[in-house]
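Chains as they are written, first to last, in the working numbering: chain F, 1 to 374; chain L, 1 to 293.
Calculated directly from the structure, the hints in this document are not laboratory data.
None of the values given here were measured: they were computed from a predicted structure.
In silico DSSO-like links for lysine-lysine, alpha-carbon gap of 30 Å or less:
(1) F:Lys293 - L:Lys125
(2) F:Lys64 - F:Lys333
(3) F:Lys368 - F:Lys161
(4) F:Lys293 - F:Lys282
(5) L:Lys125 - F:Lys358
(6) F:Lys282 - F:Lys326
(7) F:Lys114 - F:Lys64
(8) F:Lys159 - F:Lys185
(9) F:Lys293 - F:Lys363
(10) F:Lys91 - F:Lys318
(11) F:Lys185 - F:Lys368
(12) L:Lys125 - F:Lys363
(13) L:Lys240 - L:Lys168
(14) L:Lys125 - F:Lys212
(15) L:Lys125 - F:Lys213
Per label pair, the in silico range of CB-to-CB distance:
(16) L:Pro62 - F:Lys363: 27 to 37 Å
(17) F:Asp182 - L:Leu277: 42 to 52 Å
(18) F:Gly59 - L:Tyr83: 56 to 66 Å
(19) L:Leu127 - F:Lys161: 38 to 48 Å
(20) L:Ala267 - F:Gly266: 29 to 39 Å
(21) L:Leu65 - F:Pro110: 53 to 63 Å
(22) F:Lys161 - L:Ile260: 24 to 34 Å
(23) L:Phe274 - F:Gly89: 36 to 46 Å
(24) L:Val275 - F:Gly240: 33 to 43 Å
(25) F:Ile294 - L:Ala267: 35 to 45 Å
(26) F:Pro110 - L:Asp2: 43 to 53 Å
(27) F:Val365 - L:Ala114: 28 to 38 Å
(28) L:Leu65 - F:Lys291: 32 to 42 Å
Heads up, the beta-carbon is just placed ideally off N, CA and C, and yes, glycines get one too.
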Amino acid sequence: MKKLKISTLVLALITSASVFSADTIKIGLINESTGPNAEAGGYTINGVRTAIEQINKRGGLLGKQVEVIIEDTQSSNPGTVLAFSKLGGDKDIVAMIGPIRSTQVMAASPTIAKNAIPVMIGGTDPSLTHVNNPWVFRCRPNDSFSSRVIADFGVSTLKLKKWAIVHSTDTFGTGGKKALEDALKFQGITPVLTQGYTNNSQDFTPVVLAIKKSGADIIASYMTNSTDVGILAKQLRQLGVTASWIGSTSITTDTAITLAGDALYGTYGVSDFTPDANAESKSYSAMYRAKYKIEPDVYSGWAYDAINVLAQAITNAKSTSPDEIKKAILALKDFKGVEGSYSFDENGDGLSGYNIVKNEAGKIVFNKHIQFAK
Amino acid sequence: MDLANNLQVLFQGLALGSIYALVALGFVLIIRATNVVNFAQGDFAMVGAYVLVVFLNQLGLPYWLAFLLSLVCMVIFGLIFNYGVYFPLRNRSYLPVLISTLGASIFLQNTTLALFGAQPKLLPKVLNFDGLQIAGVFLDSQYLVILAVTMCCVIFQYFFFEHTLLGKKIQATSQDKDMARLLGIPVALMIAVTFIYSSVLGGLAGILVGPILFVSIGMGSIIALKAFAATIIGGFGDVKGAIVGGLFIGVVESFAAYYISVPYKDAYAFAMLFVVLIVLPQGFFGEKISQKA
Numbered sequence: 001m002k003k004l005k006i007s008t009l010v011l012a013l014i015t016s017a018s019v020f021s022a023d024t025i026k027i028g029l030i031n032e033s034t035g036p037n038a039e040a041g042g043y044t045i046n047g048v049r050t051a052i053e054q055i056n057k058r059g060g061l062l063g064k065q066v067e068v069i070i071e072d073t074q075s076s077n078p079g080t081v082l083a084f085s086k087l088g089g090d091k092d093i094v095a096m097i098g099p100i101r102s103t104q105v106m107a108a109s110p111t112i113a114k115n116a117i118p119v120m121i122g123g124t125d126p127s128l129t130h131v132n133n134p135w136v137f138r139c140r141p142n143d144s145f146s147s148r149v150i151a152d153f154g155v156s157t158l159k160l161k162k163w164a165i166v167h168s169t170d171t172f173g174t175g176g177k178k179a180l181e182d183a184l185k186f187q188g189i190t191p192v193l194t195q196g197y198t199n200n201s202q203d204f205t206p207v208v209l210a211i212k213k214s215g216a217d218i219i220a221s222y223m224t225n226s227t228d229v230g231i232l233a234k235q236l237r238q239l240g241v242t243a244s245w246i247g248s249t250s251i252t253t254d255t256a257i258t259l260a261g262d263a264l265y266g267t268y269g270v271s272d273f274t275p276d277a278n279a280e281s282k283s284y285s286a287m288y289r290a291k292y293k294i295e296p297d298v299y300s301g302w303a304y305d306a307i308n309v310l311a312q313a314i315t316n317a318k319s320t321s322p323d324e325i326k327k328a329i330l331a332l333k334d335f336k337g338v339e340g341s342y343s344f345d346e347n348g349d350g351l352s353g354y355n356i357v358k359n360e361a362g363k364i365v366f367n368k369h370i371q372f373a374k
Numbered sequence: 001m002d003l004a005n006n007l008q009v010l011f012q013g014l015a016l017g018s019i020y021a022l023v024a025l026g027f028v029l030i031i032r033a034t035n036v037v038n039f040a041q042g043d044f045a046m047v048g049a050y051v052l053v054v055f056l057n058q059l060g061l062p063y064w065l066a067f068l069l070s071l072v073c074m075v076i077f078g079l080i081f082n083y084g085v086y087f088p089l090r091n092r093s094y095l096p097v098l099i100s101t102l103g104a105s106i107f108l109q110n111t112t113l114a115l116f117g118a119q120p121k122l123l124p125k126v127l128n129f130d131g132l133q134i135a136g137v138f139l140d141s142q143y144l145v146i147l148a149v150t151m152c153c154v155i156f157q158y159f160f161f162e163h164t165l166l167g168k169k170i171q172a173t174s175q176d177k178d179m180a181r182l183l184g185i186p187v188a189l190m191i192a193v194t195f196i197y198s199s200v201l202g203g204l205a206g207i208l209v210g211p212i213l214f215v216s217i218g219m220g221s222i223i224a225l226k227a228f229a230a231t232i233i234g235g236f237g238d239v240k241g242a243i244v245g246g247l248f249i250g251v252v253e254s255f256a257a258y259y260i261s262v263p264y265k266d267a268y269a270f271a272m273l274f275v276v277l278i279v280l281p282q283g284f285f286g287e288k289i290s291q292k293a
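If we strip away everything but chain L, and leave its shape as in the complex, we get (with noise of 0.2 Å):
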């Protein structure tokens, strides 16, 4: 009986801290690119999942081309918002871009209360059952489609930078700018394909957990909270840190809640961030900061 309990605990504190990793992801390869953390990153979830629920409850589309066409959509976003919001403050310090993501924010979580109203929608689940229950534990089928979901990004994203040449040129960019820009890489434009990248990760952690979550306005920022806690927790920057940071705090918070207190579930990720930083200031696998200045 507990041994299930701890291990249905443990399911749904890596499948919501999956969440946060995809979300953090995004965080991440944004900061990494314009050296920015982006307000909007869980806004992109939100846009994501409303795409979707207009593909698919409204136009009533087959879910494959439904969730196709949401990412082409999100691709589509990901390039306005970087020549909206970004790119005309490119030249800038990092405060005039974050304040502008913060606007983005703000207006695109105004602009869908506007469209589609405050009553939450509701998105079916990617496979056609509630879920598996193996020895006393459920196994819901959409957070195994999301922890499925999660591992491939990871796989794709290890061999997108290190196997590809796009993929060492934004690298190279993110390093140092200037060199690569020296080096003729073209910086606007591998600065756009990061955050048309971010803008499909966020849209497809917004995809994911729409049927657990439910759709509405207010769903991107309670991830982005959290997935902004683990980008810190495993490194400001570190793309394997935000993936473990996520995995760490989905899992830490559900077991917090489980064995100590519910009420200050929230609270558990934000006292384990300052227990990370107190204890290694970096993060998990953070840059000295001597290697930053």
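Next up, chain F with everything else stripped away, as it sits in the complex (with noise of 0.2 Å):
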């Protein structure tokens, strides 16, 4: 039923693209829509869509309707960089929504910086704004305030010393581990265990018997997909481990709320996107629901506002020329999103909080918001 929604969407899109097609601004957005994180990809498509149906009920953007071309990913590295040269041969296209994935924007930077239009993404390696690349916009707060986020939340707030870190040996989740080190260190703290697994684990035994043997009394996790938050939630259960447990965002997605049950009640995570944390993710969320009768999490959430960035630095460019979006996006200060507020600094990162978030009972409730200066 999705499926066939997304599929008239982009019907709906090609035959507008044919009717207007001189008279709308074209945003690419590079999207998951197929393979392992199709299911993110699909949640992506529902903010971008909500965002445009917006702006263009609001008239558009410099009198011109907005309209989205989406090329797939495939959930994978040469996916994506095949998606983004594809995508940058279009020259009617003024600016792209990039993966949430780092590992995909680490792949296709050099594509990015070739292609030359501004590209909004959502993965939170930190490094990915940090490789000289100008293109490159990141509309979610990076891993080093992330793990500071976890860090300060289970030192200060839950008075926790005892650190075991799990994360995913992927980019994103060495990325997070090397960053959360550097931010317990920084706390005088050095972690009793620093456990790495591949993504799409079937058996997180050897990781829980390690996390058992280290006797550590909190968990930090850098997990890339909910499949294995859900995994390694049940086992950890099921082999006694009782130990605090804050988790890099996926621990807060629907799916891993749903498939862990109630082995994930009492965790803590941190996300970038919390329904109820401002009023504009709540009035967001509000709408969200209505319109497609789910939750909205991080995967929509990130990308409406993406979109709404974009369009905010086009009417403050006046323009659609690459370096005046540019330009634009790095001038944005206290920008309202559901993410937070977006004042972008010179690396190209737009935020630099996060909210904690506890799982009560298969619910996510907003804890705090913690946000560092840059």
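Hints are included, so try docking the two chains, each in its own frame, into the full complex.
If you want it as structure tokens, here you go:
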């Protein structure tokens, strides 16, 4: 059913493209529509669609309607690079929404630089905006902030000192692990265990046993896939680990919560998108629920913000030339989005804070927002 | 403490190994019957799990009925697969059939994605309790079921092939199609039966592992890769080998992950593949190359 809606949307876009071709502003969406992350990709399209419909209802941008061109990454690095080169060939596309996966942004970074149009990304590996690529703008807080928030919350609020870090071995997971180790060192703590695993592990027993042996009283995790979170959560509880757990965003996703059930009750997560964190996210969530009959999550939320940030930048620039849009994005100050307040620094990082949320009997409850100066 | 941990690791390894073994069995049966590796074998598991999701979660049938209906569906699915993917190419060399199964795999995954969406589905455990806690070792009830079912399958398979006429006919077909045909064995039918049986085995693996790994589009491919390694380690095309190979991979990767390093877990299966191929080029139970020629 969801697929049907997406294909209708694509169809509608194709038809609208042929009707208004000269009178629209085209934004490319590099999306994981198929492959293992297709679920998240579906949500991303929801978020983009919601934002664009709103903008077009208000009369579009610079007097033109906005249109999205979706290109599939097949949830893979080569697919992402291919998608960027393909959309890069369409000279009518003024900006793009890129992947939420750090490893894919990393892979496509040279292509993004070659395309030389602004790309809004959701990947949170800090290094992505520090590789001298002037066209990458991050619409989520990066992991140096999430790790500082995790360390700060665990040490100052929960008052726990024996940390075990569990991380995926991909770009996101290792980046997060590194940042968290630094943040903990700043708090004077050396983790008792740092344990990596590869995505789509079927069995986490060795990880759980290592945690058990280490005697950790708090687990901090940087996990990429929600299914992995689900499996780890169940095995942790089965093997009797009762340590507190504070995880990166994947622990707060709808999928992880549904799959893990009571195994995740009482855990904390950092989340850049929380439905009830601020006025913008509250109104967005109400709209989203009414429209799609599901809970909004970060995959739709960040993409909604990315489109709105772009739209604001294009409006401010009064132009669709890539250089003007770039300048306008960097000049944005305190632009209110659903993930928080956007003020871009010179690297292209828009946000610098995270929400702490708690899983209370399967409901994600906003706990506190921790904001850092850049 | 450490004995308990070791037993825990052994248990998980055996349980996952059983799943590899079930899928590997399906591989082997089709290899024997058609000389072709069925690249869609892992997707049989995925299809089986999704069919159960439909009967159980969407139609709300009781478990035993949903389970039986799922197996019936896998029978029909195997038949369709045989006539749609293998039969039209039966007189060609192995390569077109191989590519045909590869195409079927892509088709199945994307059809499932289109029908069910990408959100992974949850299946309840077969038994109504989470597991047993014995001397510090947690035995997940679903893993216990998996071990039991695999054991039953192995016993059934033995009786079926060694003590029934149908089983012997299938064996004859796999050993020498022309000779079997001369003896009046309906070869095409025997191959169809093989596909049906493989489909049911694959579906069973998917249904059993669904509550643990969750039901998702990619669930089959992860298992199939290991199962394929198990098939080769056990001896390409050997039934015993598939089972031993599957359990072997499951146990070794569990222990290696526990004692050496978790991130390389997936590499161990293939590292073992190298070692076995160098030391025992025919695998554990494989026939000698000279016999094959």
